[in-house]
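So the sequences go chain by chain: Y and D.
For the first sequence, the residue numbers in the working numbering are 217 to 393.
For the second sequence, the residue numbers in the working numbering are 227 to 680.
For the record, the hints were derived by calculation from the structure and aren't laboratory data.
Heads up, the beta-carbon is just placed ideally off N, CA and C, and yes, glycines get one too.
Don't take every hint at face value.
[As the list claims (entries may be wrong)] Taking beta-carbon pairs under 7 Å as the criterion, some of the chain D residues facing chain Y (in silico):
hint: 1; residue: G410
hint: 2; residue: Q412
hint: 3; residue: A439
hint: 4; residue: E596
hint: 5; residue: I601
hint: 6; residue: T603
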Amino acid sequence: MTALSQPTAPIDYMDPRHQRATQFLVEEAHLLDTSQFEAWLELLDPGIRYRMPVRVTAMKGADEAELSTMHHFDEDLYSLRKRVERFQTDTAWTEDPQSRLRHHVSNVRTFVRSEDELVVESAVLLYRSRGDRTAPSMLSAGRTDVLVATVDGLNLRTRDIVIDESVLRTQNLAIFL
Amino acid sequence: MQAVTASVRRGLIPAYVYNDAQIYELERDRVFSRAWTFLAHESEIPGPDDFVVRHILDDSFLVTRDQDRRIHVMFNMCVHRGMQVCRAEKGTAKTFRCPYHAWTFKNDGTLAGLPFHVDAYGGDEGFVKEGQALLSAPSVAIRNGMIFASLDPDAPDFDTWLGDFAFYLDFYTAQSPAGMEFRGPQRWRVEANWKIGAENFMGDSYHTPQTHASVVDIRLFGEPKPNKRKEGVLWHAGPGGGTTYKLPTGAGFRSGLGYVGYPDMMIDRMAEVWSPAQQALAGESGFMPSAATLFPNLSFVHNWPQVDADGLIAPFISVRLWQPIGPGETEVHSWFAVAADAPEDFKAASYKAYLMCFGSSGMFEQDDVENWVSITTTARGSMARRLLLNNRMGLNHDGEPIIDQYEGFGAPGTAYQGYGEHNQRHWFSLWADLISQPAPEMEAIAFGVREEQS
């Protein structure tokens with residue numbers, strides 16, 4: 217997991233802050249599974265950083281298990297908004313017909329960083345089925361999110377995604393994790 | 227095979243060549259056994275003892291930089307019993323110790339350790355240890371920091387083979403006396419035949435307004451509007467070819483490069499490294515390089531999208547390898563490349579431009595791959611064996627070009643303005659040249675035995 221300074225133990229699973237964080241992630245997954253991308257953008261802090269570095273197969277103990285200078289995603293609000301705008305055109309061929317998506321979210325651990333900031337770790341498994349000729353693909357990843365409390369509920373300020381493959385087995389990342 | 231090569235030379239491609247086991251075997255034995263193939267850029271192994279592992283089809287190669295900073299390309303297979311001596315894809319190591327029996331090789335390939343040499347072999351009486359090393363790649367060449375290898379020990383001289391493509395290669399990979407920095411690669415597998423990407427980047431300006439309509443619609447990149455795209459020149463030179471956009475700025479080296487977003491100090495550096503003729507390409511003729519391919523499977527792309535809400539335009543370069551995995555599967559390796567001494571704010575904007583447009587998540591690339599997977603899937607069937615795909619754009623029925631070559635391009639090779647499949651036919655003629663020759667004969671090499679035994 218990405219090294220964010222955080223307490224070593226998560227807060228209790230019965231803690232309402234953990235419950236709210238978990239609900240945020242599940243509701244977010246619902247928006248992504250049902251192509252409600254505008255609503256998804258509303259969950260993002262204007263200063264969002266959304267990153268997924270390239271993982272590499274490194275020798276045990278080597279410093280570099282992921283590339284520091286190459287990502288699959290290194291996004292801000294502008295680039296995420298452009299990706300969403302593209303899905304809303306009539307010419308984003310790769311998602312027409314659309315993929316059948318299911319984001320399975322689990323292993324949620326919540327850490328309190330400050331009064332209005334939670335650090336939330338989760339696992340996500342994205343099942344993606346396209347067309348009727350090709351086998352479905354899966355993407356498994358860990359995520360470390362910073363969620364901030366706003367008057368409208370929690371917002372996503374940073375997301376660091378640790379993808380569990382060095383060579384992706386899906387034809388493109390016309391998806392969000 | 228003769229029927230296939232004759233057909234592709236006429237501009238008619240038997241559709242099944244995009245997904246056929248026999249064609250793939252011939253490509254392995256006849257194309258990739260000879261062709262110069264890109265492995266890595268020197269900037270990926272910047273320091274002493276750095277290494278990466280790269281492949282030419284199923285052959286795994288260690289690309290290392292030794293203590294004296296010399297570069298080596300070695301077959302990643304222990305000469306004793308065949309284990310991979312390195313199973314990481316990158317890192318830093320002075321030696322590689324085989325996990326199987328602990329034979330140890332220095333990062334220049336030399337055999338440094340062989341456990342129980344005397345006990346097990348009777349010393350040099352049974353195995354001559356001196357002078358043994360991992361098998362070297364048969365031929366290696368470095369150009370603009372790019373490391374190429376050929377499996378053919380009698381491969382043509384790299385620079386001779388590269389010919390006039392070198393003129394254009396510099397545009398993408400020699401933008402400063404400080405050289406380039408390659409980042410990546412992103413790697414992902416697509417269920418597409420490797421040839422399709424190579425041909426597409428070589429000359430398919432015709433697909434851009436349709437396949438990539440969405441990036442124009444969202445105002446990410448404005449150039450590919452249909453009427454604008456067809457003003458570009460398609461060129462082929464030596465073993466490659468590419469596409470250009472005609473700039474609205476007209477003639478002018480500085481104004482053209484400035485229009486696509488290069489800061490003055492980078493243009494100054496380009497002026498230092500590029501010949502007057504190379505400068506004239508983006509200058510007097512007013513054409514800006516976009517996609518290109520170097521046969522067989524290395525492509526380049528240069529576009530200049532808008533990277534923020536304030537309208538900042540930033541150009542980027544990607545270098546990509548279409549690594550064949552099988553007749554219907556390709557592993558894409560996609561690097562971001564930038565002048566090593568470019569200002570940090572330019573690097574950041576250019577990197578963002580790359581990620582938004584190309585690579586595993588890129589908004590251009592997403593739609594390209596959708597096409598290529600669909601073609602490959604459909605090419606597997608019986609009907610595809612009957613269909614000859616039309617690759618004749620720009621020719622009349624007599625096989626003559628419908629327009630004259632473009633005068634005033636000012637760069638080497640053959641150039642046509644407007645849409646056409648001249649470059650894709652050129653790519654297929656290179657493919658046909660190699661695939662109709664028998665595979666090179668390889669001498670087997672024995673290790674540790676006296677000469678009279680080998």
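Hint numbers not upheld by this structure, sorted from lowest to highest = 5
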